[in-house]
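Undergrad: Chain order of the listed sequences is A and B.
Residue numbers for the first sequence follow the numbering used here, beginning at 243 and rising by one.
Residue numbers for the second sequence follow the numbering used here, beginning at 4 and rising by one.
Hint data in this document are derived by calculation from the structure and do not stem from the laboratory.
Just so it is clear, CB atoms sit at the ideal spot from N, CA and C, and this is done for glycine as well.
Check before you lean on any hint, since a few could be wrong.
Said to hold, decoys possible - Dumping the calculated EDC-like pairs for lysine to aspartate or glutamate here, alpha-carbon to alpha-carbon at most 16 Å: (1) K16/B to E254/A; (2) K270/A to E254/A; (3) K286/B to D480/A; (4) K284/B to D480/A.
Stated by the list, open to error - With the C-beta cut set under 10 Å, the calculated list includes, among others, these residues of chain A facing chain B: (5) P262; (6) T265; (7) D366; (8) V372; (9) L376; (10) G387; (11) R390; (12) T403; (13) I452; (14) A458; (15) D480; (16) I491.
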Amino acid sequence: MNIIACCKIVPEDQDIAVKPDRTLDLSKAEPKISQYDLNAIEAAIQIKEQSGNANVVALSAGAAKTLGNSKIRKDILSRGVDSLTLVADDSLEGRLPADTASVLAAAARKTGFDLILCGEGSGDIYAQQVGILLGEMLGVASINGVSRITAGDGTVLVERTLEDEIETLELALPAVVSVTADINTPRIPSLKTILAAGKKPTVTETLDGIGYQAPAPVAAMTSVKAPEQSDRKKKIIDGDSDADIKAFIESIRPELTA
Amino acid sequence: MSKLANIYVFSDKPSRIRDLIGVATPLGDKVTAIVIGAQPEAQAAAAAGAATIIAIPSQEGVIVEDYAPSIAEAIRGAGAAGLVLLAAGKRGKCLAAKLGAALRAAVVNEASAISLDGGLAVSHMVYGGLANATETISSPLAVVTVASGALEAAPCQAVAGAEIRQGVFVPPAHPIRLVKREAKAGQAVDLAASRRVVCVGRGFAKKEDLSLAGDLASAIGGDVGCSRPIAEGEGWMEREVYVGVSGVMLNADIYIALGVSGQIQHMVGANGSKTIIAVNKDKNAPIFNFADYGIVGDLYKVVPALVAALK
Ligand SMILES: Cc1cc2nc3c(=O)[nH]c(=O)nc-3n(C[C@H](O)[C@H](O)[C@H](O)COP(=O)(O)OP(=O)(O)OC[C@H]3O[C@@H](n4cnc5c(N)ncnc54)[C@H](O)[C@@H]3O)c2cc1C
Ligand SMILES: Nc1ncnc2c1ncn2[C@@H]1O[C@H](COP(=O)(O)O)[C@@H](O)[C@H]1O
């Protein structure tokens, strides 16, 4: 079985600063694998371990300057995938979901696949739709919110934990499945997988190379602004001696008994 | 810009149809509800305020998501311009993307604002809630999911003599087979409505210790919530009670964070609280930047003392 695990490279959100005019300063934010895409990669690896004869390709599309980062490539490869395919083009920076999905669709068509796994949402724009759009563009079955996958013969059985019900569905392959954050606990790369990463192939594709044709634009991001913060009192007691705890309790008691 | 000519509303949950129509009404001249079913479902939509209803005949064993081609066909038949509003659950988001692909429409999940000034623009949170992004829509149709209570809903009157049209079922190209469906056991508290919330973070070492948070909550007459990893990952609490950008947005008077680091994805959900109190043993934890009161200390020491003092 050929499995593609989609992972986006996003800026480390803890290093994003808000400027006085409430726009964002991303200049200090290092690239990282989007948190919930680690679940997609892990899910792919687990299917491979169960079925024994799967091939897992990690697929990421993004700006060449980001995907060129060798630390990032190594990080992806050290998570147990067999190879990495990158669609690298600086014009891909900041693309909206419909564009991203059409790039991934073109790449997936070229690579070939039985099952594509996506995360539940990308850490930067958290649009929560690329997986489904990708499935529709490829003309295959697609579903989101999947918290368990069992690979069958030409099918996958998936469990979805919805707001008030749990359902089990069967999808005929090929299919695209978006997994939730609690499908698994992504393992930390081991020394063995880190060493093996250096020997695994990375294929860098261009937009022309995958035969990408830009769809008509449907939307543009016209502003990104931090909301106004409410001022907090910030009365912090530094220490947990009995006297500190007592002072803390007295400081909050009026609030709690109001 | 004047109102949109057409707004389509579909909810996989009957309880959301009224507020979606309420959100749609000020934005559009004509609100059409799409329902799966027949007279009873159509009448329920009319009672919730829909003047026009398209009823797609219900099919045995077809999951809501597989009605996407039928809903797309109904919208296409009615002009395929304007706005489609859906409830922002997992099913709603899945349907939204399927409709977006079928109708070549922009899709935005969990809208935080919809504006008509200078064209249709929809905002949603990005970077874990650090910022709001506004997307200006250029496709004739946009598909937007809305979380409960996220946007203001106008009160709606039941419509007598609503126009009910018959939709058609269009089978999906790759049907998904429903194997089994079970209701989830138990109903979690509605934290969005809680006045006082004690929040459990990963500073708790094991599940048994959660009783500490429970004790504090009962001492102050509040409810217990958690950070996302406590619900997803540890699985110590229900997903319905994690606070944050992808969870519950609080409107509490008091929020007490115990062993919560205070990352932006979490704080976006907590910031709606009037007073924020934090217990964290790391002086540099971001939570202290968002707090009114705080103590740099071990929750295992502070919380029992706090509970005893409040008794
Ligand atoms: C797209 C996306 C969406 C997300 N959505 C959400 C969301 O909606 N809600 C959410 O909560 N998270 C969300 N997250 C995750 C979020 O980024 C954080 O990982 C999470 O909130 C951290 O949870 P925590 O504070 O419980 O754990 P940690 O970050 O591990 O913090 C634990 C804290 O406990 C303190 N501590 C440890 N022991 C003690 C002790 N004995 N006494 C006192 N303090 C102690 C530590 O100093 C630390 O600060 C999202 C992430 C992404 C990428
Ligand atoms: N540029 C990208 N490269 C690879 N995968 C992506 C990219 N963008 C989104 N995805 C996948 O689609 C999922 C949903 O993304 P989104 O719709 O942006 O929230 C992510 O969790 C990834 O698995």
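Undergrad: For the restraint on D366/A, tell me whether the closest CB of chain B is nearer than 10 Å.
TA: Constraint on D366/A satisfied, holds at 6 Å.
Undergrad: Have a go at the I452/A hint: is there a Cβ in chain B nearer than 10 Å to its own Cβ?
TA: It is violated, given that the least Cβ distance between I452/A and chain B is near 19 Å, above 10 Å.
Undergrad: Under the criterion of a CB-CB separation shorter than 10 Å, is P262/A in contact with chain B as hinted?
TA: With a minimum Cβ separation of about 14 Å from chain B (threshold 10 Å), the hint on P262/A is violated.
Undergrad: Against the 16 Å threshold, does the CA-CA distance of K286/B and D480/A hold or violate the hint?
TA: 7 Å, holds
Undergrad: Can you verify the interface hint for G387/A: is its Cβ closer than 10 Å to any Cβ in chain B?
TA: Where the cut-off is 10 Å and the nearest Cβ of chain B is about 4 Å from G387/A, the hint holds.
Undergrad: Answer holds if the nearest beta-carbon of chain B is closer than 10 Å to that of L376/A; otherwise answer violated.
TA: 9 Å, holds
Undergrad: Tell me if the straight-line CA distance from K270/A to E254/A falls inside 16 Å.
TA: Holds, at roughly 9 Å.
Undergrad: Have a go at the A458/A hint: is there a Cβ in chain B nearer than 10 Å to its own Cβ?
TA: Cβ of A458/A sits 7 Å from chain B, so the hint holds.
Undergrad: Holds or violated: T403/A as interface residue toward chain B, Cβ cutoff 10 Å?
TA: This interface hint holds because 7 Å falls under the 10 Å limit.
Undergrad: For the restraint on D480/A, tell me whether the closest CB of chain B is nearer than 10 Å.
TA: Holds - the Cβ of D480/A comes within 10 Å of chain B, reaching about 5 Å at its closest.
Undergrad: Using Cβ atoms only, decide whether R390/A comes closer than 10 Å to chain B, and label the hint accordingly.
TA: Interface hint status for R390/A: violated (12 Å vs cutoff 10 Å).
Undergrad: With a cut-off of 16 Å on the C-alpha distance, tell me whether K284/B and D480/A pass.
TA: 9 Å, holds
In this structure, the hints that do not hold are numbers 1, 5, 11 and 13, in rising order.
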